[in-house]
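Undergrad: Here are the chains, one letter per residue:
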Amino acid sequence: MSFYSLFYKEVFRVWKVGFQTVLAPVLTALLYLLIFSHVLAQHVEVYPGVRYTAFLIPGLMMMAMLQNAFANSSSSLIQSKITGNIVFVLLAPITYGEFFAAYVLASMLRGVVVGIGVYLAALWFAQPPLQFPIWIILFAVLGSAMLGSLGVVAGMWAEKFDQLAGFQNFIIMPLTFLSGVFYSIHSLPSFWQELSRFNPFFYVIDGFRYGFFGVSDISPWVSLMVTGGCMLGLTLLSLALLKSGYKLRY
Amino acid sequence: MLPAIDVRQARKCYGQFQALDGVDLRIEQGEFVGLLGPNGAGKTTLINLLAGLALPDDGQLSILGHDVVKQYRASRRVLGVVPQELAFDPFFTVRETLRLQSGFFGLRRNDTWINEVMHHLDLTSKADTNMRRLSGGMKRRVLVAQALVHKPPVIVLDEPTAGVDVELRQSLWRFIQQLNREGHTILLTTHYLEEAEALCTRIAMLKRGRIVALDSTQNLLGSLAGCRVRLKLAGCLPAALLPHVVEQTNSDYLLTLPTYQALESVLAELRVAGVAVQEMTLQQPDLEEVFLRLVGRAVQ
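If you read the sequences in order, they're chains A and B.
Quick note, the first sequence lines up with residues 352 to 601 if you use my numbering.
Quick note, the second sequence lines up with residues 11 to 310 if you use my numbering.
The shape of chain A in the complex, shown without the other chains (with noise of 0.2 Å):
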């Protein structure tokens, strides 16, 4: 009960500035999709038969989750950290492991709903394929669950909004711009594909945009160990974290 009071507290959260936290980055991601396809459309064909336009949707559905999710659970935390309100949680008798699983679970939810809208308002300009749902969805949730987690890992660590802007701007948006959402990492020289394999953010688009053409530039079985390692490893840091008390308990 405790924590599903904490999960519907979070979602009806996001609900209430729906705008903000749905809209919006949806509308961001039909303007990559219309200005990137019209731009490039005539030019590059990433895989034989896939149209540009249809190649970017994935990764720009992904992309969306990936940042919103990271979004919910890092700005929720810092919020109620800065305006105080964290106190009343933090009162309240709830596990650790309730904790976390409410907010990362909101953040899924709040990703995989981005994702979606996504998806729907580009199927005005393209229809993907859905080849492999088993492997979309699993990618969706494991996506948006690292990233609900990396979320709750830097709401923790930051004390002022700046801090956390910087998390997001300077680790963030690098790593998903330069995971391959709007080029398969095949086009690009040898040096920056091996780099490229340093970046979990490109296992989880790969292995997402395997599911839909049944092509991807590398096995989705190593986007799914590395995207599911990830996450096991940052749901670890967060618990680990939380039960310590990590700037939250003092």
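Just to be clear, a hint being listed does not mean it is correct.
[To be verified] Derived DSS-like pairs: lysine-lysine, alpha-carbon spacing no greater than 27 Å straight-line: (1) 80/B x 432/A; (2) 149/B x 136/B; (3) 136/B x 432/A; (4) 367/A x 136/B; (5) 149/B x 367/A; (6) 149/B x 598/A; (7) 80/B x 598/A.
If you're looking for bench data, these hints aren't it; they were derived computationally from the structure.
Predicted, not measured: the structure shown is a model, and the values here were computed from it.
We have chain A already, so just place chain B on it with the hints.
TA: Chain B in isolation, oriented as in the chain A frame:
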């Protein structure tokens, strides 16, 4: 019977600053206890340890027998805390805030009690108002309501009347006293010493992280405050009595005496000196006097 609050040798350091230095405090069920001390004495730190908002470096703290660290879920279920800081969630209305808080404590369909709490705190008309739109006093009422939403048997109020109007103070104290009569244990910190004096049956005084006094309010007033006597004399005060003077205007003197018995020797001294007493007024001791004496500095 289990104590409502049991603190044994609680210690807490923040860097070099020793916020709590071996505090022992036992509060029985049904008591109304005041926790007083100057700023930085450790009052809020002690409350934070009880509430689990901070973790003790050493010592044991329990609420109704539940260890606040090892059995934190059980201890938090029986504890309601009104925090000092005026915090609120700007996304929700008053009713939503209280329903969510109730849910955090595992209580669904708690509207009957929520309505009663809102009624007692005069919040009913603001039930559907967003928290952002409330005045400071109203927000403070919601803080109190949030602490009471799960009907905790032990209630800790950390400066609940700071910055609120007289009307709220009175309605709040009526409600808290009613809860106390119904068996709830109350621990109160306040800078309004007259409130503590009027409400609390026992007083604990903290100074630099240590309990420097812990007794019933009457005993503290009786044993530590001594008395003040205002004298209008026909002549000058004998030199032997000058150390007792705290105020003088012409032949009016205000003397502080350690006990009522000391008054006899003052009068004897005046008789020996041949100084007639024209007027004499005894002043009742108050908690402020005790506080000043124990803490040794001006009340904030």
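Undergrad: The structure should be examined with respect to each hint, and the outcome stated for every one.
TA: Cross-check of the supplied hints:
no.	hint	verdict
1	80/B x 432/A	holds (25 Å)
2	149/B x 136/B	holds (10 Å)
3	136/B x 432/A	holds (26 Å)
4	367/A x 136/B	holds (19 Å)
5	149/B x 367/A	holds (21 Å)
6	149/B x 598/A	holds (26 Å)
7	80/B x 598/A	holds (20 Å)
Checked against the numbered hints given earlier, the structure satisfies every one of them.
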